[in-house]
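Asker: Sequence order for the protein chains is W and Y. So that you can map any letter, position 262 of the first sequence is 1131 in the numbering used here, and since no number is skipped, the others follow by simple counting. So that you can map any letter, position 29 of the second sequence is 1501 in the numbering used here, and since no number is skipped, the others follow by simple counting.
These are computed hints drawn from the structure, not numbers from a lab. A virtual CB, placed ideally from N, CA and C, is assigned to each residue, including glycine. A few of these clues could be false.
Claimed, not checked - Lysine to any residue pairs mimicking SDA-like chemistry, simulated, CA-CA at most 25 Å apart:
#1 Y/Lys1608 to W/Val1203
#2 Y/Lys1608 to W/Lys977
#3 Y/Lys1608 to W/Glu1255
#4 Y/Lys1608 to Y/Asp1543
#5 W/Lys977 to W/Leu1133
#6 W/Lys969 to W/Glu1193
#7 Y/Lys1608 to W/Leu1133
#8 W/Lys977 to W/Tyr1162
#9 Y/Lys1608 to W/Pro916
#10 Y/Lys1608 to W/Val1169
#11 Y/Lys1608 to W/Trp899
#12 Y/Lys1608 to W/Gln901
#13 Y/Lys1608 to W/Leu907
#14 Y/Lys1608 to W/Leu1236
Unchecked claim - Derived coverage of chain W by chain Y (criterion: at least 3 residues anywhere in the stretch with Cβ under 8 Å from a Cβ of chain Y; other residues may be distant):
#15 1009-1023
#16 1131-1145
Each chain, letter by letter, is given below.
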Amino acid sequence: MVSRLWILAVVIVALGGVGWALRPSPPPPWSQTEIATLRSLWIESLPPLSDDPTNAVADDLRAVTLGQRLFFDTRLSVNREVSCASCHDPDRHFTDGLEKGRGVAESKRNTRSVVGSAYSPWQYWDGRRDSLWSQALSPLEDVAEHGANRLELVRFITRDAAYRRDFEALFGPLPDFSDPGRFPEAASPLAGDSARRNWQAMSERDRDTVNRVFAYVGKAIAAYERRLLPGESRFDRYVAAVIDADEVRQAELFSNAEVRGLRLFTGEARCLDCHNGPLFTNDAFHNTGLLSYPGEVPDVGRVDGVRQALADPFNCRGAYSDAEHSSCPELDFVMQGPELLGAFRTPSLRNLTGTEPFMHKGQLETLEDVVEHYNEAPAAMIGHSELEPLGLGRRERADLEAFLETLAAPVRSP
Amino acid sequence: MRSNDRRRTAIGVAAGSLLVLAWVAGIAGSSWPSERGLYRVSYESTLSPIVINRMHGWILHVESADGKPLDGASIEVSGGMPAHRHGLPTRPRVVAELGDGAYRVEGLRFHMPGAWEIVVTIEAGNAVDRVVIPLKL
């Protein structure tokens, strides 16, 4: 009996020893170089938003309020059911949780969040618009999104007493669109056949008048969208604790797995190559070898997006931009050519939680799938992928995922 | 003893001067020869230090092989990250010739940290040559 107790005691001590040897060791402290990298990702390092010279009302508070109303107004759609918020749902970090956006019908791509997008020189996955306000205009006439047409929209704005008052306060007297001889019921260069024919039949001067008011709608919506910025996440509080060398607070804020994930993110996994800066994006275009959506030909991405941005009458150089035409460096020095085949704009990684599925067609369902994609680095279907396989093990992939979850934060609207 | 001290001081001053010279050369900027040795190029960036994701310009200083400033050359700027198999995210170009071998290039932006190469192709008369400037960000 005694000898059995002895054996039990020895086993317990031995197991305890093994446990002690395998205890999770605290992560090594960050080097000065690493702290500089963490600081570069910190939300506090986000510079103030620069002016938008193309939009004179971009920072006018009256435009912000007006833009917010327009953003949530379903009357700006063909069936009176779709607003900007239908796809950019504030409860889902201004996305929709779908593979592809759904307005009047299913659109071609995944809905990107509006939050922080004012910092990007390009909008959409393929950068086919060069400002927030020119972006805000396109869904209004897209048959899959709002499905409205330009003339109907500007007429609605001028006939609604509240909108008319607020637009005139910002932009001056609105024109009169009541003459049916000059302004048909529906007209647009983009929406359906009859609207297109009507648009062609209008005089150039009248089309210009319509375009000008249409641009006002985009400029007001953009003023609201510019205020939607990411708030402070747990990651940001952790960086503050690292900068303060407060180890107790660091341990409270980040688990060892999250610290390991962050170390992989900024190092071996090379995420920082593209997901850099406080918004975790370089706003550039990259081919990362994503599979095309089932049943679709591969999406050419930026190759076509750049062509559309240059042809857009509402771009920085266009007649409706408030900028000096000499100051459109993004268009003046824009890269074009076959290298951009299958390339898409790097998304921010702030607030991925609850915004799945991911990628330009919502091809990847979960964060785990995303990390796995970058780990495997499959060959591109068109163009060439910039990725190299990472060779991360199961635990490393889980650590990386754990870190990405720490970037969740509520939207900050100054 | 005294002469030994003096010698040591002299060596110290010489070594110190060399260090200062090297430092001055460092901040004055390096220059790079072209592949066939026809030209030499140095640059100053309007953004200093150069950081990622910011559009900015460079002033290129171009010399011929004999060290004289080269005016009237036709200059193209390209480049990329060889390790990532991609080019520049923008298409920079010479927007003004400033004289004395200086050319203003606008539209440069580097969107990733790491090893970049800026390729400056110079054509003067019928002599074309290119300079590859390495840049670590």
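Asker: Would you mind marking each hint as holding or not holding in the structure?
Answerer: Evaluated hints:
{"no.": "1", "hint": "Y/Lys1608 to W/Val1203", "in the structure": "23 Å, holds"}
{"no.": "2", "hint": "Y/Lys1608 to W/Lys977", "in the structure": "39 Å, violated"}
{"no.": "3", "hint": "Y/Lys1608 to W/Glu1255", "in the structure": "19 Å, holds"}
{"no.": "4", "hint": "Y/Lys1608 to Y/Asp1543", "in the structure": "29 Å, violated"}
{"no.": "5", "hint": "W/Lys977 to W/Leu1133", "in the structure": "34 Å, violated"}
{"no.": "6", "hint": "W/Lys969 to W/Glu1193", "in the structure": "36 Å, violated"}
{"no.": "7", "hint": "Y/Lys1608 to W/Leu1133", "in the structure": "21 Å, holds"}
{"no.": "8", "hint": "W/Lys977 to W/Tyr1162", "in the structure": "10 Å, holds"}
{"no.": "9", "hint": "Y/Lys1608 to W/Pro916", "in the structure": "24 Å, holds"}
{"no.": "10", "hint": "Y/Lys1608 to W/Val1169", "in the structure": "31 Å, violated"}
{"no.": "11", "hint": "Y/Lys1608 to W/Trp899", "in the structure": "23 Å, holds"}
{"no.": "12", "hint": "Y/Lys1608 to W/Gln901", "in the structure": "19 Å, holds"}
{"no.": "13", "hint": "Y/Lys1608 to W/Leu907", "in the structure": "19 Å, holds"}
{"no.": "14", "hint": "Y/Lys1608 to W/Leu1236", "in the structure": "32 Å, violated"}
{"no.": "15", "hint": "1009-1023", "in the structure": "violated (count 0)"}
{"no.": "16", "hint": "1131-1145", "in the structure": "holds (count 4)"}
When held up to the earlier numbered hints, the structure conflicts with 2, 4, 5, 6, 10, 14, 15 and fits the remainder.
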